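Student: Here the sequence shown is numbered in this note's numbering, starting from 51 and rising by one per residue.
These aren't lab readings, by the way, just hints derived from the structure by calculation. There's no promise every hint is true.
[As the list claims (entries may be wrong)] Here are the in silico distance ranges between beta carbons for each label pair:
| no. | residue 1 | residue 2 | range |
| --- | --- | --- | --- |
| 1 | 104 | 180 | 33 to 41 Å |
| 2 | 169 | 138 | 22 to 30 Å |
| 3 | 92 | 185 | 31 to 39 Å |
| 4 | 185 | 112 | 52 to 60 Å |
| 5 | 92 | 65 | 41 to 49 Å |
| 6 | 180 | 57 | 51 to 59 Å |
[Stated by the list, open to error] Below are the PhoX-like pairs computed for lysine-lysine, each with C-alpha atoms no more than 20 Å apart in a straight line:
| no. | residue 1 | residue 2 |
| --- | --- | --- |
| 7 | 162 | 112 |
| 8 | 173 | 162 |
| 9 | 184 | 173 |
| 10 | 162 | 92 |
On a predicted model such as this, the values are computed, not experimentally measured, just so you know. Cβ coordinates follow ideal geometry from the N, Cα and C atoms, glycine included.
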Amino acid sequence: SYIGLSESGKQLYANDGTNDGDFWINIDTTSSDKRLKENIVKSEFNSLDFVKKITFYSFDWKENQYGYKNPHTLCGLIADELQELDSTLVYENGKDKIKHVDDYRVLNIALKAIQELTEKVEKLEKDNKFLREKLGVVYE
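Given only the sequences and the hints, what does the whole structure look like? Please build it.
Tutor: See the structure below:
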């Protein structure tokens, strides 16, 4: 029996002394307190361009070693492909080095992409309003 921390530091693992007795526990890695950070500057990362590079898939999961099969995924990612775009968005664990998507980091990119889209929509609405007024066109 043993207990340890994964290389990524994101999971705690334990073995019950049997060959198939590995258990993995996710550690909360979503801490975001300002006191834990330094060199804080506004992000200039272009999330929209990054998101455009991501391919989404529909897929079925294989059964795991315990016979459990996750439900069908309608829209999901392949960690291996995401890792090629940005290695910080994927971590590995277990003796088989199974890849996992860091959902928290991906969420931040998605939120920034929404923010960028909102800014574009607001600019387009403003431009559209100006042009409608210039042309004397009234829309409800």
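Student: Against this structure, judge whether each hint is valid.
Tutor: Hint by hint, here is what the structure shows:
no.	hint	verdict
1	104 / 180: 33 to 41 Å	holds, 34 Å
2	169 / 138: 22 to 30 Å	holds, 25 Å
3	92 / 185: 31 to 39 Å	holds, 37 Å
4	185 / 112: 52 to 60 Å	holds, 58 Å
5	92 / 65: 41 to 49 Å	holds, 45 Å
6	180 / 57: 51 to 59 Å	holds, 55 Å
7	162 / 112	violated, 33 Å
8	173 / 162	holds, 17 Å
9	184 / 173	holds, 17 Å
10	162 / 92	holds, 11 Å
Checked against the numbered hints given earlier, this structure breaks only hint 7.
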